[in-house]
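Using the sequences and the hints, build the whole thing.
Residue numbers (my numbering), protein chains in the order written: chain A, 12 to 436; chain B, 12 to 436; chain C, 12 to 436; chain D, 12 to 436.
Where hints are given, some of them may not hold.
Identical copies look the same in the list; a pair holds intra-copy or inter-copy alike.
Said to hold, decoys possible - Straight-line distance between alpha carbons at most 20 Å, and here's what the computed DMTMM-like set of lysine to aspartate or glutamate pairs gives:
| # | residue 1 | residue 2 |
| --- | --- | --- |
| 1 | 350 | 330 |
| 2 | 104 | 200 |
| 3 | 104 | 262 |
| 4 | 104 | 56 |
| 5 | 350 | 248 |
| 6 | 104 | 339 |
| 7 | 104 | 334 |
| 8 | 391 | 130 |
| 9 | 391 | 254 |
| 10 | 350 | 296 |
| 11 | 104 | 254 |
| 12 | 391 | 248 |
| 13 | 391 | 262 |
| 14 | 391 | 216 |
| 15 | 350 | 334 |
If you are wondering where the hints come from, they were derived from the structure by calculation, not from laboratory data.
4 protein chains.
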Amino acid sequence: MIRRQTRSRPVPALLPQQLADVRAQTLALAGGLSGEDCALQSMPDASPVKWHLAHTTWFFEVFVLESHEPGFRPFDPAFRVLFNSYYEGIGNKHPRPERGMISRPDLDRVLAYRREVDERVQALVRDPARLLRVAPLLTLGMHHEQQHQELILTDLKDLLSRNPARPAYRDGWPLTPVAPEPLRWLSFEGGIRPIGHEGRGFAFDNEQPRHDVLLRPFELASRPISHGDVIDFIDDDGYRRPELWLSAGWDSVLQGGWQAPLHWERGADGWSTFTLRGLCPVSRDVPAVHLSYFEADAIARWMGARLPSEAEWEVACGEEPVEGNLLESGIYHPCASRKPARPGRPVQMFGDVWEWTRSDYGAYPGFRTAEGAVGEYNGKFMCGQYVLRGGSCATAASHLRATYRNFFPPQARWQFSGARVARDA
Amino acid sequence: MIRRQTRSRPVPALLPQQLADVRAQTLALAGGLSGEDCALQSMPDASPVKWHLAHTTWFFEVFVLESHEPGFRPFDPAFRVLFNSYYEGIGNKHPRPERGMISRPDLDRVLAYRREVDERVQALVRDPARLLRVAPLLTLGMHHEQQHQELILTDLKDLLSRNPARPAYRDGWPLTPVAPEPLRWLSFEGGIRPIGHEGRGFAFDNEQPRHDVLLRPFELASRPISHGDVIDFIDDDGYRRPELWLSAGWDSVLQGGWQAPLHWERGADGWSTFTLRGLCPVSRDVPAVHLSYFEADAIARWMGARLPSEAEWEVACGEEPVEGNLLESGIYHPCASRKPARPGRPVQMFGDVWEWTRSDYGAYPGFRTAEGAVGEYNGKFMCGQYVLRGGSCATAASHLRATYRNFFPPQARWQFSGARVARDA
Amino acid sequence: MIRRQTRSRPVPALLPQQLADVRAQTLALAGGLSGEDCALQSMPDASPVKWHLAHTTWFFEVFVLESHEPGFRPFDPAFRVLFNSYYEGIGNKHPRPERGMISRPDLDRVLAYRREVDERVQALVRDPARLLRVAPLLTLGMHHEQQHQELILTDLKDLLSRNPARPAYRDGWPLTPVAPEPLRWLSFEGGIRPIGHEGRGFAFDNEQPRHDVLLRPFELASRPISHGDVIDFIDDDGYRRPELWLSAGWDSVLQGGWQAPLHWERGADGWSTFTLRGLCPVSRDVPAVHLSYFEADAIARWMGARLPSEAEWEVACGEEPVEGNLLESGIYHPCASRKPARPGRPVQMFGDVWEWTRSDYGAYPGFRTAEGAVGEYNGKFMCGQYVLRGGSCATAASHLRATYRNFFPPQARWQFSGARVARDA
Amino acid sequence: MIRRQTRSRPVPALLPQQLADVRAQTLALAGGLSGEDCALQSMPDASPVKWHLAHTTWFFEVFVLESHEPGFRPFDPAFRVLFNSYYEGIGNKHPRPERGMISRPDLDRVLAYRREVDERVQALVRDPARLLRVAPLLTLGMHHEQQHQELILTDLKDLLSRNPARPAYRDGWPLTPVAPEPLRWLSFEGGIRPIGHEGRGFAFDNEQPRHDVLLRPFELASRPISHGDVIDFIDDDGYRRPELWLSAGWDSVLQGGWQAPLHWERGADGWSTFTLRGLCPVSRDVPAVHLSYFEADAIARWMGARLPSEAEWEVACGEEPVEGNLLESGIYHPCASRKPARPGRPVQMFGDVWEWTRSDYGAYPGFRTAEGAVGEYNGKFMCGQYVLRGGSCATAASHLRATYRNFFPPQARWQFSGARVARDA
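And the structure:
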C-alpha cells in the first residue's frame, strides 16, 4: 500500500527533481509496450499511449519553453497542432477521433521528443529566477502528467480488452486474497462545513474557492460497493428492472446490452473479468470497478441507499491520509482492504476505485478560471458530468487529496470507477 | 396580463369544475387545428398534438378510472399501450419516435375518447367519498395536463416551423410594442434560506421537501436577457468564439451550425423569427426565447455574468405574485414588460420565458418518489438536465409557483426558454 | 381479373378522356382516407399520400400549363418547390425526408389544387393544335400518375403497417382461395432476340431503343415463387445460412433482423401477414410478396435455380396479353392464379407481384435521355438498382407492357415485389 | 515498364519458386515500414498492412496445410478466427472494422508466422504427388496474395494520407515527365464476340465461362482520362452541376463535399495531390486516379461520351501484351505513357490505373462457384459493384490478364482507379 508524503507548501528548489520523477514514472508505465501497443486508439474517448506520451511533453514545450526559453525553437513545428488536446486558445488541433491515424512520428521519435524537452526544461530551470517564474506551470504540468498516467492505463486497458486474446499488460498477480470487510454504516453530523481547497499545496482551480456548505446528517458505507454486491444485484435481475434505473441509464442498458459491469464475461465457472493482468475470476471481496454512474446509482437504489454528494464524501474523508492501493503499488486493479478499519472510520477512501458521487460537476461559488489557455483546463467541461472522488489503483499518490474532483459523463465505464453508498440519517 | 388566483389549500368540492376547466382549456388550444396539424411529429423529442390530447386522457383513464370506477372497461384496450408515455410500471409503451406513425385513431376518435373519459370521471366523482379518494390523482392529472398544454404549443410550433410556408397557428398580433426595461442589478443577501415546497397547495414531488440552503450574497438582473442582448452578442461574434462557450456547447454550435437562436432567419431587413403568429421581425425589447442552456450560459459569460442557481432564483422571487404573460393572455410569444418595476424588485419573473438556471436537475435532500407508477413522474429524469424557473407565455397561471422546477437537456431549444443573468455580490 | 385494352398508336383526340380517367382513378384510391392518413410519412423512401396527390398535379402544372397556358399563373407559387420530387432542372425542391412535416396545405386544399389544374388542362386541350403540342407531355403525365397510384398503395401500406392496430385500408376479402398451380419448368431457345420498345404506343426512354441481345437456352418457372416456397425456405433455416446469400444480402439479414418477408408475423397458429385488408393468415398458394432482391436471390439459390435476366423474362413473356390481378381488380394483394395455364406458357407474368430479375438497372445500348427536365425521369437512377418486370396487384393495366422496366435497390421490401426463378437449359 | 511473361499452362514444378517469389514480393512491399505503420486501420474498408501479411499466410495455413500437412498443428490456434477475412464456411471471423484494434500479435510475430508457414508449405510440396494435389490451391493463393499486395499499397496510402504531415512511403520521384498523349478515338466493329477466360493458365471463377456477347460498333479513347481532363472538368464547374451526375453520385458529391478527386489539395500554386512519395503537384499529362465510378461517369458525360462496357473493353484490348506501369516498376503512381502508340491501338490498357466500366459486377452466363469455402471468393460479392479492368501501378504483372475483372462499389475512391471513355459509333 502506498502512503503519500505529507502535504506541504511547494518548495521550488525541489521541483526539478519532482518533475524528473513524474516524467520517469510515465516512461516506466510505457515500459514493455511495443510501438503498436502505443499507436492504436480503441475509441474516440480514449487516446493512444503514444499520444499521451507526446501530449504531456507538448504541455511543457508550449506552456513553458515557448514562453520562457530564450531562442526557443520547436522540436517539430507540426507537433503544436498534432498534440494539442483541446486548447482552443493555442489554435488548431488534430481531431480527437483521429489520434489513432498517426503512425509517424513513431514511438522512438516521441521518446526523443520527451528526452529533448526534458533536457531543455531542466536546463531552463537551473536559473533560479526562471525556476521561480515557471514553478506554477511546472507544478501544473506535473499534475497534468499524472492525470495522463492514469489515462495511459485506462486507455490501454480498453484497447487490450478488444483483442480477442485478452492479452495482459503486466504478468502475474501480486497479491493473495484477504478476508472481506463487512459493510458498516458510519454516521456523520450535519451543519455548515467547509469544503474545497485553500492554502498550501497545489490544487486545480475547480477545487476552489474553499466555501461553506450546509449538510444534513448522513451515513456513509464503511467500504465501497464490492463485486459481491454486484453479483447479488445481477442475480436479483438488477440489469432487467427499469424501476431501479434513471431513465437515461435504462436507455444505456438497452442500447449497450449491459448485463454486467464492463469487461465481465460469464463462463461455465462463473464470472471472470479482464484486467491489466489478463482475464481473472471475479472475486466477491474486491471493490466493484468499471461501473458507470448509472450502474452505481441503480445498485445504490437497489441497496436502499443513494450515492453521497461530493460534499458528504469530502466531509467524511476529513483528514484521512492519502494512502491505499494507488498507482505506485503496481497492482493496477482494485483489491480488498488489507488494513483493519479504525472505529467509526471508512476504509479505502483513497485508491482502488474512483467513487461516483451524486454531484454534477459544476463551479463552486466564486469559481474563477485562470487567464489564458490554461484556463481551459477545467471550467469549460462543467456540464453533463458527475464528480468522482478518492482516486484509483491507477492514480499517483502525490496527485491526490481529499478535495480532488475527477469527473466523467454518466455512461462512462472504461475508467477505474466504482462507488460507495450513503443514506440520510 | 394574467394573475393567478391566490394559493390555497385544495378544496375537493371544487375539483370537478377545475378539472373541467383545465380539460376545456386543452381543447381550446387545439381549436382551429386540422387532423393533419394534430397528427404529425416534427422530431423524436416532440409529440403530435393528437398524442397529447390522448395521453392526457389516458392518464385519467389508467390512473383514475381503471382503479376506481366500478365495472371499469377501457374505451379501447389498445390505447393502454398506444398512449403510455414512459411509465414502465404500466407495461408496454409505443415507441416515442413513432408517435407520428399513427393516423388511426384519428382526431375525431381521440376527441370522443376525451369526452367519454371526462364524462366517466365526472360521474365517478359525484360520489363525495370517491372524490376524496381520487382527489390527489385528479389534482396530479390536472397539473399533468397543464404541462402538456405547454407542450402542445411548443411541439406544434416546432412542426409549423418546418413548413417552408411558415404558417401561423393564430392570426394577427395582439399587442403594440412598449418601451424597453433597462437592465438593473438587484442585490440579495446571503445566509441560510429555505427553498422548496411545503404546506398547502399542490406541488410535484421534485419540489420537496422544503429545505435550507446556504447562499452567498448575489445580484440578479431586473429583467431577462433580451433579443437586443442577443443581437449584440451575435454582432460581437459570439457564435464564433469558443472561449465563450462550454465545451459541449461549442460542439453543439459546430454540429448544429448555430448562428442565432432557434427560428431566427437573417434577411435583407435584419433578423426575423418564426412565432405562433407567423414570421415576425425580431424586436430588441422582447425577452430572448428559444435559447439552449448553452446559449444562455455563453451570453451570460459574454455579459460578464453567470446564470443564477435555482436557489438564488427562488429566493429572489420571494412572494412575487404569479402574474405576467402566461398562457391565458393568449399571446403565445414573449413580450416586453408592460408593468413598471417596483423598486428593488425584478420584472417578468413569471411568464414570457422559462429561465435557465445553472442548477442541474437533481434530488432535493430527503427527496422521496411516490409509490407506484406515478412515482416515475420526476425522479427518473434527474440526470443530465438543467432546471428552468418561472414559466413562459405557454404556461397556465394555475400551474405555476415560485418553487416550480422545469427541466430540459442543455441543448434543447424548442421550448419557450430564455434566461436572466446573475453575478456574485 | 383485368385485361388491358389492345396496344395501339395513341390517338390524341382520346387523350383528354383518358387523362380524366387516370386522374379519377387516383382520387378513387385516396377515397375513404382521412387527412391524417394522407399526411403521414412512414420513412424517407416513402411519401405521404397527400404528397403523391399534389406532386402528380404539379407535374401537369409545371410541365404542361407553365409552358403552354396563355397567361399562366400558378395555383400557389410555393408549390413549385414544395411538390418538386427530384427535378434539379426545375430548381429547388423540398427535402424528401421532410415530406411528412407538411400539415398545410391540408388535404382539402390539395384536392382543390387537383381540381383547378385538371380544369385548366382540359380547357387548354380543347384547342386541337394545343392538344397536339402537349400530347406527349399529357401521355407522360398519365403514366407518371399511374406510377404514383402504385406508390400511393405501397407507401400507405407501409404507414398502416407501423400502426400497432394493423388497420385495414379496405375491408373484407374479395376472393375465395383456389387450388395451387404446381411449378413447371418451361424451356426457351437461345439465339439473338430483340428486346425493348419500338414503334406504336407510349414507352419510357429506359425501354428504348429496341435492340438485339444474345441469349443462351434457358428454362423459366411457370409461376412465381409462392408463400409456400418461402415457408419451406424458412423451415430449412434459409434466413440463418449465409452460404445462401449474397454478402450484402447477409448484411441486410443481420442488420435488419430479417427472419421472414416484410410484414410477416409468427403467431401460435402459424404465419400471418399485414395486407391492405388488415392482418391475414399466410396462404401457401399465393405468390410471395414483399421480398427484397436479396431474398429472391437467396430463395432461388436454395431452389437450385437463379433469377432470370430481364431479357430472358421479356423473351419468355413474348406477346402474352397484359391481364391478371392488377390495380383495377381492386384486390390490392397477390392471389393464386385463377386461370388454367396454357401448355408451355407461364402464368401470372403480369400482375400480382413485380418480379425481380438479376439485371442491374442500366442503359440499353444507344440509350438517350430526353432534353430538359423530363430527361431526369429515368437515366440518372441507373446505378445500384435491379430491374423488376410484370407489374403487381397495384399496377394499372394500361400502364404496363412486356418491355416495362421497374427498378428498386436490392434491399427494398415495401413494394409488391416477388420473383420467378430460372435456370440454364 | 514491366512486361509480363508469356501466358502458358502452369507447370507444377515451377510453382514452389513462383510462390516464393510472390511471398518475397509482399515482404519487400512491407520493407521499411514500422510496426506502427503496419498496425493502424484508416477506415472500415481498409485493413492494416499487418493484417494483410497475416491473412495471406492464413490462406495457405487454412486451405493448404490444414488439409494436406500430415500431423498439422496450427502456428497459433487463435489466428484461425483472427485472420479470417470473410469465409463463413471457415467459421467465426474477427469483425472487419476492428482489425485496427490488434496490437498483439505484433509485426515481428506475424513475420515469424509467415516464415514458418512458408517453410512448411515448401516442405510439403517437395513431395511431387502432394505438389500435384495442392497446385490449384497454391496458384489460387499466389493470386490471392497478389491482390493483397495491391491492397497493402492502397490501404497504406489511405492511412498515410490522414496524417497531417503527409508522409511518404517511398522517397524520391523516379521519373522525369514526358509529353502528353493526345486523345484519339479508335473504332471497333460490332458483332458476336467471345469474352471471358478459357483454357490454359489461371483465372478466377468470375472470368468464366468464356461466352459470346453481342456488341454494337463502338469507339474507345486511345488513352485514359487524364488529370488535365479532370482540371478542365473542375474549371467547368463539373463538381457543382447535378445534371452531369447520376443521382446517387450527386448525393455522394454533396455528402462527401467532393470538389476534386480524392487526395487533391488546392494551394496557391494550383492543385497538388498526395502520393506514396508524398505531396506532389498535379500533372495534367498523367492518367487521372482516385476517381469513383460516379466521377468517371460524370466526366465521361461531360466529355460527350460514356464509359465502355467491360465486353467492349476486353474486345478492344484483344491480345495486347500485359505490360506497362505495374507494381514491379516501383513507381506506385500512374504516369504518362512513355511508349509511342501503335496505329489504331490504345495505350496504357494495362497498368497505371484501373479503368471503371459501365458494367455492374455480375455472373457470366453459366457461372458456377467452386465447392467449399474457396467458393466464397467472388460470387457472393456480385451485387452493387462495378467492374474495373486493366490493373494499376500497384498490380503485379503476373496477376493480370485481359479477362481480369476487378470490382468496387461506385463510391470507392481509395483504389488506383481511373477510367477511359467510349462512345457509340
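Results of checking the hints against the structure:
no. : hint      : verdict
1   : 350 / 330 : within (17 Å within a copy, 55 Å between copies)
2   : 104 / 200 : neither (48 Å within a copy, 44 Å between copies)
3   : 104 / 262 : between (33 Å within a copy, 14 Å between copies)
4   : 104 / 56  : within (16 Å within a copy, 26 Å between copies)
5   : 350 / 248 : neither (33 Å within a copy, 58 Å between copies)
6   : 104 / 339 : neither (33 Å within a copy, 39 Å between copies)
7   : 104 / 334 : neither (37 Å within a copy, 46 Å between copies)
8   : 391 / 130 : neither (33 Å within a copy, 54 Å between copies)
9   : 391 / 254 : between (33 Å within a copy, 8 Å between copies)
10  : 350 / 296 : within (14 Å within a copy, 66 Å between copies)
11  : 104 / 254 : between (43 Å within a copy, 15 Å between copies)
12  : 391 / 248 : between (39 Å within a copy, 19 Å between copies)
13  : 391 / 262 : between (26 Å within a copy, 12 Å between copies)
14  : 391 / 216 : within (12 Å within a copy, 32 Å between copies)
15  : 350 / 334 : within (11 Å within a copy, 62 Å between copies)
Of the numbered hints stated above, those contradicted by the structure are hints 2, 5, 6, 7 and 8, listed in ascending order.
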